[in-house]
Amino acid sequence: MLHGALEGVKVLDLSEDIAGSFCARLLADYGADVLKVEPPAGAALRRMGPFFHDDPHPDKSLFYLVLNLNKKGATLNLETVTGQNILKRLAPHIDVIVESYRPGYLASLGLGYEELAALNPALTMTSITPFGQEGPYSQYRGEEIVNYAMGMIMSISGVQGREPLKHGGFQAQYEGGLFAAAATSMALFGSEFTGQGEHIDVSITECIASTMMATQTMYPFTGGTQVRRRASGSMFGHPMPCEDGWIIVQTGGGASWEDLAEFFQCPEMLEERFADRAQRAVNGEELDRIVIESIKERSKWELFPKAAEYRMLFGLVQTPSELVDCPQLESRNFFREIEHPVMGKVKVPAELFKLSETPYRLERSAPTLGQDNREIYVDGLEFDEQQYTRLRQLNVI
Amino acid sequence: MPRLPLEGIRILDSTYVFALPYAGGHLADLGAEVIKIEGPGRPDVTRTGGYAGSFPENQAGEEWWNKPSTYNLLNRGKKSLVLDMGDERGRDLFREMVAVSDVVMENFTPRVMRRWELDYPNLRKIKPDIILVSNTGYGHGDGPYSGYPAQATTQEATHGHCWVTGYLDDGPAKAGASFVDFLSTWSAIFALGAALRYRNRTGKGQWIDIAMYQAGVMFLSEYLMDASINGREGGRMGNRHPYRAPQGCYPALGKDQWITLSVGSDEEWQALCGLMGREELATDKQFADILSRRRNHDELDEIIAEWTATTDKFDLMHLIQGAGIPSGPVMTGRDIHFDPHYKHRGFLERVDFPEERGVGSRFLMGRPYKYSNTPMSIKGPGPKFGQNNEEMLKELLALDETTYQALLDETIITTTPTSGEPSPQMEPKRAVELGLLGDYDPDYLQKLGLV
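In the order they appear, the protein sequences are chains A and B.
Okay, so the first sequence: first residue is 1 according to the working numbering, each after it adds one.
Okay, so the second sequence: first residue is 1 according to the working numbering, each after it adds one.
For reference, chain A alone in the conformation it holds in the complex (with noise of 0.2 Å):
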């Protein structure tokens, strides 16, 4: 009896950043049974906040506690040739290794996919990197706003006139874990029938060119190329001001154009200069100007079961707070609680989607740094105290 998707599938999750922890988490999420490797220092997401009560303590990052959740921790520096015989010791036993060092960095402590598939042929190893392994901007530095312009997105983002915009938070490390986590499910299921692992060569800029279907397509069918949205025309489609906050309405859905100046108790929309979508992009700002009108006064949680209601495409600008709070998201079992040995009871977003066989489990916090040394290195790979303690002296855990 299976109780995860995924049990049974071991990974070691090598990765410092956003995108490994992230797509190692999801493994967990499923069932994979995932071991958190650190250099004794920790990994760098626990230095990165916010903070529990804004302590910069390692063991209070909440970015890292939110990806690394479902796994066990141990420390393990790849950096000394003890560390790296660990690595090999434990490579036959596991299926998936996560990492996202710069390209050949764990080849050159003789931890590359290589080295270790001639120890495990059924190793998948699962690389995760701002441009890929191989290629001429391999080498160079990633960052969430590099990602970004260079997988096309902010060519589109932000208006006419003013700088490209990215997107807030961050979305592309997030988008590199995810999309990681697909082609390493995928891989895990064909290795069913060969016996083969992969080096999977994940790279988070085509993560998110990948998604700009229209922007890619337009220039080899007929030449064109997509840009910012004009500063000024109709906000159909954008956020536009309420009383209480920002509510965003797109035309088409069930909702005709009479329904939606019904909607909105507007009925000058139904004016002949707003007839149609040349019209209204014509007469864009006066038809702006009269719907803000129309809601200055009404609240976005007035508007939004009502929109419904029309079967109108709607949506209100929610805050993370009122993200924290609802009910949507509560009737999906979104957030779970759990213990934290130093934080304490903390709510945190769990489930991705669900599973109706194999249900997602939260089972267990993020590690703390070293939790399971012990277990890991003492019960697991019998070192015997001494060298147990030896191993801590020499700074390997």
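Everything labelled a hint here was simulated from the structure, so no lab data went into it.
As the structure is a prediction and not an experimental result, all values here were calculated from the model.
Fair warning: there could be bad hints in the mix.
[Stated by the list, open to error] What follows is a set of in silico ranges between Cβ atoms, one per label pair, in the way DEER data are often shown:
1) Glu382(A) with Trp307(B): 56 to 62 Å
2) Leu119(A) with Asn230(B): 40 to 46 Å
3) Arg111(B) with Pro136(A): 28 to 34 Å
4) Gln59(B) with Gln265(A): 40 to 46 Å
5) Gln265(A) with Glu421(B): 27 to 33 Å
[Stated by the list, open to error] Over 10 Å on every C-beta distance to chain A, these chain B residues come out as not near it, computed from the model:
6) Arg42
7) Glu88
8) Gly90
9) Asp298
Idealized CB from N, CA, C, for every residue including glycine.
Got chain A sorted already, so can you dock chain B onto it with the hints?
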């Protein structure tokens, strides 16, 4: 040829628009037999209205519904079966297809599959180990928004993305593309790989229930934690970074050309000052450490913009990266077709359409990942509407000629959509003048080597 992971897997892909159709296209790359199912009067919107992308040479022409760029990118390598699911006979044929398939994918609003008795409990009666992949705006279940209409543009606001995106001096903004759709695309592929492995080991199928809203919210996890623990609401940062400075997007040489860069340490800042020939700034107290650089970020932006504005964006990238600082140009839909890195990685694949399609050869994006032992490629363009009707119904389901003809006569199946119009196309030069297009190359086919 190495064995592809999804060899021998048959997928009924009854999905529309972007999210799951694109998943289906990627599953075809991975070796699955993916059968796209559309209704006679319900061709996918990527064939018709505003979601179609571009027509070849901007001309709709004959059988225009088989030509759009977005349709062919998303639905590459699939087969097509047109079946009227609104009719009981159509649904019966669908059930027969389910009996010989491994996976069903659908993105109807929650009530539709229930009403048709094609929800998971019913599908399981037909094929006990079937895997069903559902994608909806807000997810199945009894939540207050489960029945709400949804699509990516409006969800971007609702799932919190707009709150954190936008210029510093302006309100919340939408990102350029239909962003949240792709979180469902890749969630579906991830979940399906895991579910197939599970089925292989236990003989059991399952139901994968994906909600775009939930995926979008997940991608703001650190904001949710900061809100619930520290009571902080986050917000818009423009192009800036919470821990690095300066970071931004600056003008480069040429019309609407831009370069991004991100400085993460004092050493990187000193190196940038050297590149700009402004060594004196490196020791200026106003910019000496990260906190002072954040405080005086506006002033820094002006200094950097003045330096970048006279140099080509690619030259700037090589120069700045050469000094160890993350940097890259804002690349357009044209740029990636001529970029040596994209070219080296083979990200764009040349797809040759059969001659009768009147599309010629085009470049389409492959995959953002590679397998070392199992090379993959796009198998072919998206199928013509109803291209595999005969193969599916006569060969796979063994329908006789008379029955098949009757279905054709009553438009339960067809190869010509009974509704839908091609999206209106504007002459590109005019679109550039109006600011609807950034640029236009009349000789793009020559430049791409496609003629």
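Going down the list of hints, with the structure as the test:
1. At roughly 59 Å, the beta-carbon separation of Glu382(A) and Trp307(B) lies within the given 56 to 62 Å, and the hint holds.
2. Range check, Leu119(A) to Asn230(B): Cβ separation about 45 Å, and the 40 to 46 Å hint holds.
3. Checked against the hint of 28 to 34 Å, the pair Arg111(B) and Pro136(A) fails, with Cβ atoms roughly 52 Å apart.
4. At about 43 Å, the CB distance of Gln59(B) to Gln265(A) agrees with the hint of 40 to 46 Å.
5. A beta carbon spacing of about 31 Å between Gln265(A) and Glu421(B) agrees with the range 27 to 33 Å that was offered as a hint.
6. Taking the minimum C-beta to C-beta distance to chain A, about 14 Å, the non-interface status of Arg42(B) holds against the 10 Å cut.
7. The Cβ of Glu88(B) sits about 24 Å from the closest Cβ of chain A, beyond the 10 Å cut-off, so the non-interface label holds.
8. Interface exclusion of Gly90(B) from chain A stands, the closest Cβ pair being 22 Å apart, more than 10 Å.
9. The beta carbon of Asp298(B) sits about 13 Å from the closest Cβ of chain A, which is more than 10 Å, so the claim that it is off the interface holds.
The structure is inconsistent with hint 3 alone, although it conforms to all the rest.
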